[in-house]
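Asks: Chains as they are written, first to last, in my numbering: chain A, 1 to 256; chain B, 1 to 306.
Everything labelled a hint here was simulated from the structure, so no lab data went into it. These numbers were taken from a predicted model, which means no experiment stands behind them. Treat the hints loosely; a few may be bogus.
Claimed, not checked - When the alpha-carbon atoms are kept at most 20 Å apart in a straight line, the in silico SDA-like pairs for lysine to any residue are as follows:
1) B/76 / A/249
2) B/76 / A/255
3) A/81 / B/50
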Amino acid sequence: MKTLATALSLLLALLAAPALSQEKVVAGLSQNRISITAQFNGEQILIYGAVKRNAPEPDGAPLKIIVTLQGPSLPVTVRRKVNTGGIWINRDRVDVDSAPTYYAVSTSAPIDQILTHTEDLRRRITIPTAIRSVGAPATVLDSAAFTEALIRLRTNEGLYRLSPYAVDIVEDTLFRANFDLPANLVEGNYRVRILLYRDKALVDEATETVFVRRVGLERWLANTAVQQAEFYGILSLLIAAFAGWAAAAVFRFIRR
Amino acid sequence: MDFYLPIAEVSVNAPLLIALGAAVGFISGLFGIGGGFLMTPVLVFLGIPPAVAVASEANHVAASSTSSVISYTRRKAVDFRMGGVLAAGGAVGSLLGVEVFRWLRLLGQADLVVSLSYLIFLGVIGALMLWESLGSILRRRRGDAPKPRKDRRPPWLYGLPFKVRFPRSRLYISVIPPILLGVFVGILSAIMGVGGGFVMVPAMIYLLGMPGKVVIGTSLFQICFVSAFTTYMHAVTNESVDMVLAVILILGGVVGAQIGSQLGAKLKAEQMRILLATLVLVVAVKMTFDLVIEPSELYSLTWVRR
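In isolation and in its complexed conformation, chain B is listed as follows:
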């Protein structure tokens, strides 16, 4: 059953895309990441122009994350206050990031910077997280007591001004780190075209010291806003959101997200971290391969539409 996509101007196989949308939605709900960095390359591979792929995928992420957030909210696993602060920072970061990206494109270095950013962030974060969660699991197996929560939080977190209470996260810390984190992730999102969850989740765990229970839900809350904002900006500025494509992806995505969030709430914190670390590392390794090994096709076309 094939459908013609009016904005992409190509024809795609609907059941395949529904299944892919569901798979990525599942991963999204499970780990608290957007999943765009998984889906967008697949869409481009299927023949959809990159600009349309990025914009329509943002729409897909907005829907999947909404589905997950509702699910996590019912379990009181979303810190709205923290999410709000992060999203606010994210909005600012997004606007900054768009400027940075435009500047990079003028320099002709956008491709290089984006590829290297993916590699560095995915690789470093994946490796660190794998190290940490393996250590945690080994410690538990050996019967040692887990590190006390106080030790896991960086001390500087408590020294900064403008302290605010975040009851759901059981934190009383300055707003400055969350705002800065939000801005940073926002900049990355705009440059790399992703939701930033794979940076946000580890940062929440290790930098802010949030309890595992609220990390996924809060990350998805922030992603929901960022991706909705991105979708709207793409629709208005580039007219590149293909609604037929988005709806097909969303049909699978929201269902996959529900299943993923049910499962995600049941995972033990260390299990989730190790699985996410593995996923991130696998993607990082694949990207390294793609960058380092000579591609079978050196040339690519970008049509200037309208």
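So here's chain A without its partners, still in its complex pose:
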């Protein structure tokens, strides 16, 4: 009886994910800070690392790695045009509580070979799982179409990406993934997740953070616009007035 109990508890312990196996992921970033300057035109980040083992590599299923980079999430409204009385106007509307402004997923193999759908939902890895609480009014019957549209539009803008075979694994130990960030980034903390899988089971997970911030003039303008709105408004008007006057003065000078 006792041996059975011990055997069972051992079995349970072994089955509990993540595996007690001796593989751990160690990760690094080429840079953990992106400064958005006035001439910001996108940035590349290299996410790399290694798998630390204190036992020889387990036989059988090969190592597969997923690396995700996720920007801040914001609420978004998705609208759809409907032909009303001959003209196309925005009629249907779905409010999404939270969707990432940027989300890139890079994998070493096609994602359905790496994890199950349930695992995906649990860990919220693929893009659709990162979109939360889609609230549609009673008049909209196909809110899934709106979520699809959100993903499609963002993918076209280069802000949602799913890249299979974009994670290089060298000798089952080293890995690297390059991320090409576009210029249209939103300031915030971008979360990096690295997930190791074998045989569709999670082996280990690591997270890092990339800080994306406006700097210099951009930062000052963005802050002033919010914190000192009246001053900012008057400044805009002064610039307009000065520019108008200056142009008139220059042209008058030229024409003389």
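Following the hints, position chain B against chain A.
Replies: Only chain B this time, still in chain A's reference frame:
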């Protein structure tokens, strides 16, 4: 040469925007209109969020119109008294319009009303003006005498109380029509997000009977105030004015406005009317197409910022 816009949070090509700002500034100085209804859709097309596009464009219009007004003032082609009355009416109309717009948004009908308003006003005004100016040009070609000025002014204009002299416009009329016109244009501005010049200019010509010489300058004077007011309100209420975007547009806009106003002062009245009518009609036709033909993309996103 690309610049990152801090409020819009997108990156844009500066030389392109300077050129566009100049082109719209030129049209603005030439015709006495704001040009926002031309520029704002282009900004949205380039990926700038609509709220930021409208607010920053208002800033651009404020600068271009200042540039033009200074130019027209030197030629004594601005009726400040009339402009003041119109602007005062415009301020009231603007506040009313904001309420109307808010009410429309609650009803979920804002999009429909705005689109139809653009279509109706641009279409009707463009068509009427084209008709009238073509008739004028034909008459001149045939050698007929132009209609005497008295005939062109609506008689009811002179019957109303509270008469005031407007020396630059050579008018002695009641203040009520200009005030009402200002209010009406103000309401339209708030709802459609435009300066209202394409309504103001024809109204000045046909309803108030102002001489062609002062129409453009006075319209721009009114637009200058309305757009400055709008810019400030957007900055304070929505924090949606992107100064980097505005400055890029303004750089081109004030120069274009100067060139436009030099040319505008030289145009004959009928030429100006026919050109403006054509421009307005072309925009109206394009808008009709956009509304009636199934768009290639039915879905759009609006991010809730901050």
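Asks: Quickly compare the C-alpha distance for residue 81 of chain A and residue 50 of chain B to 20 Å and report which way the hint goes.
Replies: holds, 16 Å
Asks: Would you check the hint for residue 76 of chain B and residue 249 of chain A, treating anything up to 20 Å between C-alpha atoms as holding?
Replies: Judged against 20 Å, a Cα distance of about 16 Å means the pair holds.
Asks: Going straight from one Cα to the other, do residue 76 of chain B and residue 255 of chain A come out at no more than 20 Å?
Replies: holds, 17 Å
Consistency with the previously given hints is maintained throughout, with no hint failing.
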